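Guided by the hints, dock chain B onto chain A, whose structure is given.
Each protein sequence line maps, in turn, to chains A and B. Going left to right, the first sequence walks through residues 52 to 341 as this note's numbering numbers them. Going left to right, the second sequence walks through residues 52 to 341 as this note's numbering numbers them.
Just to be clear, a hint being listed does not mean it is correct.
As the list claims (entries may be wrong) - Listed next, the stretches of chain B that the computed footprint assigns to chain A, with coverage defined by at least 3 CB atoms under 8 Å from CB atoms of chain A: (1) 106–116; (2) 225–233; (3) 241–253; (4) 256–268; (5) 272–283.
Hints are computed from structural coordinates only; laboratory data are not their basis. Keep in mind it's a predicted model, so treat the numbers as computed, not measured. No residue lacks a Cβ here, since even glycine has one placed at the ideal position from N, Cα and C.
There are 2 protein chains.
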Amino acid sequence: MSGPLASWNDGNAKARVLDFVRSVTTPGPGFVDPRDRIATFDNDGTLWCEKPLYIQADFILRRWKAMVEADPSRAAGQPYKALVENDRAWLANLYDHVPELVRGVTEAYEGITTAAFEDAVQEFFATARHPTLGVPYTSVAYRPMCELLDLLRANDFRVFVCTGGGRDFIRVVSESMYGIPRENVIGSGPTLEYRDGEVYRTKGVEQPIDDGPGKPVHIWTRTGRRPLVAGGNADGDVPMLESARFGLLVRHDDPGREFAYDTGAERALAVAERRGWTVVSMKSDFATIF
Amino acid sequence: MSGPLASWNDGNAKARVLDFVRSVTTPGPGFVDPRDRIATFDNDGTLWCEKPLYIQADFILRRWKAMVEADPSRAAGQPYKALVENDRAWLANLYDHVPELVRGVTEAYEGITTAAFEDAVQEFFATARHPTLGVPYTSVAYRPMCELLDLLRANDFRVFVCTGGGRDFIRVVSESMYGIPRENVIGSGPTLEYRDGEVYRTKGVEQPIDDGPGKPVHIWTRTGRRPLVAGGNADGDVPMLESARFGLLVRHDDPGREFAYDTGAERALAVAERRGWTVVSMKSDFATIF
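In isolation and in its complexed conformation, chain A is listed as follows (with noise of 0.2 Å):
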């Protein structure tokens, strides 16, 4: 197949895309100036993998075992007993709750500075690999999904990535995976101090985190304007999909190439239908998926 959207399936969702960029960029009633076309993307299982866990909590979950490998004594306080116990129950935080994952990143690299903390995140992607798909995580972006963005981009759309998770952890990777600069990654990050010419991280969490109604608030600072396209699939997606003219919900239902639950999408699901959100099946419109 070729053409925009070569992975997408024909069907309902693809030709509403379709449809929504003809509409805004063609003269007439639904046109719209192009520097008001502005895209924003959910990261986490929106525009990756984001099962079994998190691929930040993945990577934090690596540090602290380096940290107590360095010094057992840690084993006696959290977060290091639960993963020498293997506390399945404390670890469920991390990895599905997105407020205790940027609180533990801040905390488990607080007082370097963003440059080491870039060294530690190249590193992490140049060996790590998915625990179930045994391919690098830097292989694990939504094919799709990437076309999606060509579409926008090629229609004189400025597109973002818009995530819960951690902003500077995103940027070490987005040119490359999605061919976004890091200068248009929106995310969460620990509050930052300048001394002596380098910005430090510190140890608290920049408010509010880029999650929920948070989203809607990033946005406009960081672009002052509402997306006229925003992407999402759970939850905390909501309010930046009700903020945008076209809201696209990807539902995970293929248990047999990617993964399938619904659960922490149940509310988005049922907003996709009262809103008229363009529902994107994985098993049945993504041709391929990674």
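Positioned in the frame of chain A, the structure of chain B alone reads:
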């Protein structure tokens, strides 16, 4: 005159700018990947005139005047008392101090949507005129600096405003005055809140404000890079210029065509000499100012 920087006089400053741009865009040891070509410019006193008072100070004084006229009992308390009594000592804080100004704007526009704030700023720029130059504020950008922005963009730089003043104030005119899209405006702002499909300004001020050591922090959060080129005019720009490869400092030394003042730039001028920043004399280096 024609060619790049047509409104600049030939001289050391112009030659250094042109040499630097040539060095980073020419294959060889000084070449810089286009992805890393980020330029950041302070706004007040660097891209537009900041005397006899910050343009944003004029904006907020008019707002307060309207508020005290609508309800004269307000004159019992500040800031209205200072305004009614023309208390210059009190008002000097607003004329000259960025943090007080940012807080003043935030408090006066608490609780409205970002869209309603934009309407108020639009109306201000449509009617207000510079008190001594006698032209609309939209005409007080420095023409030579706009030519510098054009030169950088023509050489694949992404150009950002990085203002200690209000981000959402500058965004309203950044596209028409500087050709800088609103997503490339970095600056101070209020805390924000999303509800019912709208982003509301709330009472706080986002920390740190985008001045002094806050500038490299904001530049990192917004771009994920250090600036390759940075331009400023005051002590609050020192950390931003320190973190750039090429620093440019505008010196206000032309009392006939603009204003002459080094107050608030004493440290910047001293550091410029030590670090070899390019000091631009408005009197000698600018053939035309507006």
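Structure-based check of each hint:
1. 106–116: violated (count 0)
2. 225–233: holds (count 3)
3. 241–253: holds (count 6)
4. 256–268: Contact hint for the stretch 256–268 of chain B vs chain A: holds, 6 residues under 8 Å.
5. 272–283: holds (count 5)
Of the numbered hints given earlier, the model fails hint 1 alone.
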